[in-house]
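Take a look at the letters that make up each chain.
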Amino acid sequence: MSNSTNINHDSNNNAGENINSRRKFFKNFGLIGAVAAAGGAAIYSGHEYEVSKPNHDFVKVLTADNRLVEVPRDQIKDVKLDLTELQRLGREGLKGHRFVMVIDLSKCRNARKCITACQGAHHLRPYEYHINTLVMQESPETAPYYMPKPCQHCDNPPCVSVCPVNATFKRQDGIVLIDNERCIGCRFCIAACPYSARLFHWEEPLMAEADKGKPYNVELNVPQKKGTITKCLFSSDRLREGKLPYCVSACPNGVYYFGDENQDAVTNGTTKETYRLSELLRLNGGYHLMPELGTKPRVFYLPPKNRLFEFKDDRDQNQEKI
Amino acid sequence: MASEVNTGFLFDKRLDSIATDILRPVGISKGFLVWMGFLLISLSACLYAYYIQWDKGLIVTGLRDYVSWGMYIANFIFFVATSLVGMLISSVLGLMGYKWVKPIARIAEIIAVAFAAIAGLVIVSDMGRPERLPYVFMYGRIQSPILWDVTVVTTYLVLSALLYFLPLIPDLAISKGRIGHTPKWLQSTYEILSVNWNHTPQQYKILLKSVRILLIVIIPTAFAIHTVTSWLLAVTPRPGWDSTIFGPYFLTGAFVAGSAAVVIMMYFVRTNYKLDKYLTPYHFDMMGKLLVLVSLVYLYFNINEFLVPAYKMKTADAIHLHDLFVGEYATMFWSVQILGLVLPIILLLFRFFRKPFPIMIISVVVLVAAWFKRLIIVVPTQENPYLPKQFVPDAWMVYHPTVIESAITVGAILLAIIIITLLVKLFPVIPIWEMAEEQCEKDHKPQE
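Taken in order, these protein sequences are the chains called A and B. The first sequence begins at 10 in this note's numbering and counts up one residue at a time. The second sequence begins at 3 in this note's numbering and counts up one residue at a time.
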């Protein structure tokens with residue numbers, strides 16, 4: 010019994026050795042083979058590369074910052090983005106700026122040039138206002154005055170808080186924008202805004218046909234879209250080009266100052282003179298609209314004092330035009 | 003609900019008579035077909051109205067930039083409010099051990115399911131871009147109360163549906179062999195939905211345990227849905243909405259609307275299906291007392307909501323309250339407050355008015371008033387923004403609902419009625435096994 014097991018054991022051992030040596034052989038052979046194959050492949054591919062280099066197919070591509078560049082066709086990959094490049098830039102905002110507007114109520118005569126300029130740029134109807142001029146009177150004893158009212162671009166914006174889909178957002182430069190490719194049209198922001206600054210496209214927008222197919226520019230909010238919100242954008246498309254907003258440039262009466270809080274400088278849209286923001290506000294008693302609501306607006310008002318013209322209430326006249 | 007079920011009732015003769023009574027109206031009858039036909043034809047007209055809105059945009063409604071939320075949002079709040087009664091009857095009263103709610107509980111759950119389901123649809127009709135509804139889930143921002151609302155309304159709908167369905171399973175098993183007069187497909191539906199229920203004590207134990215958990219979980223959910231719904235308005239800085247008591251104010255108002263809806267449905271189930279043995283004058287009497295109780299609590303919140311700002315008369319509040327008390331909305335406001343709240347409280351204190359027919363009429367008035375109350379909460383506030391409304395078309399100044407808008411709103415109500423009709427007509431509307439168990443328990447008690 011014990012013998013036979015021994016014999017068996019031995020023979021097993023022998024067989025094992027044989028197998029081991031065979032494995033070793035194959036292993037070594039395999040290694041050499043692999044190295045050879047890899048080397049060959051490398052040489053071959055290097056050769057291929059050298060051969061194909063002069064024939065490389067280049068394509069002209071326009072980059073986001075408007076540079077025309079060439080890239081190899083085989084290097085182009087389709088990128089699926091949540092947002093277009095314009096939306097991405099629009100959401101990012103202009104680095105290093107904190108835009109502010111100052112509206113001098115002592116100069117506003119309700120010329121309504123700001124309104125028409127704005128409506129022209131944003132393709133709005135005559136009664137669709139990003140900016141509207143209102144007749145204000147605090148009490149029967151006080152004097153009535155005109156008050157241009159754009160979006161206040163609040164630093165604590167109630168509209169942005171309530172938006173369910175991040176369609177309206179606050180940028181680093183202080184501007185509150187609306188992305189009408191994202192907006193679901195719930196109008197919660199209209200309900201939340203105490204300044205009635207937002208409007209909704211109840212029907213097809215004025216230039217829906219003409220704007221068809223144009224790439225959507227979130228900083229201009231054109232093309233406008235039915236069933237979405239639109240609002241004052243502080244003309245961020247113009248700011249990107251270093252220009253003043255449409256309304257500011259259009260005012261014939263020097264009502265608007267626009268500028269950067271970081272630089273403590275604002276420029277009058279009519280006279281093009283630049284002032285120190287802090288000084289302008291200090292000397293003229295600058296204030297916010299409804300500061301008690303805690304919205305922290307980025308629009309300042311200068312009180313309607315020392316007006317050198319007669320107040321003319323032309324609400325009815327304008328009403329008829331609409 | 004007892005923690006143990008004595009399955010002895012299954013072998014009792016009374017189960018047969020109860021099941022026969024309750025299952026008699028189940029199935030497809032001529033009256034049912036005529037009623038459904040009427041509902042569906044009316045609904046198709048309303049769907050056409052929605053098609054017009056889909057095509058042309060919200061311009062076909064009376065909504066404009068100042069009053070941008072109108073009938074749809076009021077209707078949404080009304081639907082959420084009414085659905086809350088499922089929680090009040092089944093959970094609050096049921097868990098406290100009130101036996102009289104047993105035959106009513108399923109009616110309350112049907113209302114909860116139908117109204118919560120339609121509430122979700124109603125809100126879509128208000129969207130400017132309904133096809134972007136998925137964005138709420140894709141890009142949802144947790145800071146927005148709309149996200150909270152979507153979450154809790156969905157949760158409440160699921161919980162209510164479970165609370166409707168779970169106690170229905172034993173009934174379906176009981177009914178299986180007894181609905182010979184109904185079409186084949188309905189019988190096989192019962193077969194499938196009764197999920198192999200064979201009345202073992204173990205099954206009942208699991209059922210009672212899960213229902214109990216649901217009853218407890220649904221209480222905070224129900225509180226959440228209507229509190230969050232009130233916050234859709236209360237988180238904004240507008241006079242009339244800017245209120246800290248909006249949560250409880252809405253919640254108590256919801257109980258009034260819901261209780262009225264239950265009474266109306268009880269009345270029609272009782273008379274149409276001849277179930278007066280199960281929905282007795284006693285049940286109406288108790289519902290009348292409940293309606294008085296919840297109305298009193300609601301009245302208390304109304305006094306707080308209107309008297310306190312009216313005492314101070316801050317400029318913006320004053321304009322708003324003037325509109326309600328003596329202005330444009332005065333007729334609607336006082337009708338709603340007096341006919342829908344004060345008068346029902348006084349009348350229902352008398353036993354006569356808690357009888358089935360009078361209380362049904364009162365409940366109809368209360369429910370209609372509840373709808374208009376939502377409109378009064380939503381619309382007048384927006385007609386009085388902080389800054390003046392100027393240089394806009396006259397039609398923008400005030401809110402005039404259009405026919406299309408009204409049709410879409412009616413469509414939502416019709417849809418809810420269709421769901422209710424289907425559930426009431428195709429499944430036992432009164433819990434058979436619970437009724438039988440109660441009967442047996444009553445008889446055994448003296449012997450113990």
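These are computed hints drawn from the structure, not numbers from a lab. The structure displayed is predicted, hence computed values, not measured ones. It cannot be assumed that every hint is accurate.
Under the rule of at most 20 Å between Cα atoms (straight-line distance), these lysine to any residue pairs were calculated in the SDA-like manner [unchecked claim]:
hint, chain 1, residue 1, chain 2, residue 2
1, B, LYS391, A, THR93
2, B, LYS211, B, HIS201
3, B, LYS391, A, SER205
4, B, LYS32, B, GLY182
Derived DEER-like restraints, expressed as beta-carbon distance ranges [stated by the list, open to error]:
hint, chain 1, residue 1, chain 2, residue 2, range
5, B, TRP336, A, ASP164, 52 to 58 Å
6, B, ILE218, A, ARG134, 50 to 56 Å
7, B, LYS58, A, VAL80, 55 to 61 Å
A few chain B residues that face chain A, going by a derived Cβ cut-off under 7 Å, partial list only [to be verified]:
hint, residue
8, TRP71
9, VAL126
10, MET129
11, ARG131
12, ARG134
13, TYR137
14, PHE139
15, ILE144
16, GLN204
Idealized CB from N, CA, C, for every residue including glycine.
Structure-based check of each hint:
1. B:LYS391 / A:THR93: 37 Å, violated
2. B:LYS211 / B:HIS201: Holds. LYS211 (chain B) to HIS201 (chain B) sits at ~15 Å (cutoff 20 Å).
3. B:LYS391 / A:SER205: 9 Å, holds
4. B:LYS32 / B:GLY182: Satisfied, since the Cα-Cα distance of roughly 17 Å is no more than 20 Å.
5. B:TRP336 / A:ASP164: 52 to 58 Å: Once the Cβ atoms are compared, 43 Å apart, the range 52 to 58 Å for ASP164 (chain A) and TRP336 (chain B) is violated.
6. B:ILE218 / A:ARG134: 50 to 56 Å: Given range 50 to 56 Å: holds, Cβ gap about 55 Å.
7. B:LYS58 / A:VAL80: 55 to 61 Å: Violated - the Cβ-Cβ distance for LYS58 (chain B) and VAL80 (chain A), about 46 Å, lies outside 55 to 61 Å.
8. TRP71: Result: holds, 6 Å to nearest chain A Cβ.
9. VAL126: 10 Å, violated
10. MET129: 5 Å, holds
11. ARG131: 4 Å, holds
12. ARG134: Holds. Min distance 4 Å.
13. TYR137: 5 Å, holds
14. PHE139: The hint is violated - PHE139 (chain B) has no Cβ within 7 Å of chain A, the shortest such distance being about 9 Å.
15. ILE144: 10 Å, violated
16. GLN204: 45 Å, violated
Hint compliance for this structure: hints 1, 5, 7, 9, 14, 15, 16 are not met, and every other hint is.
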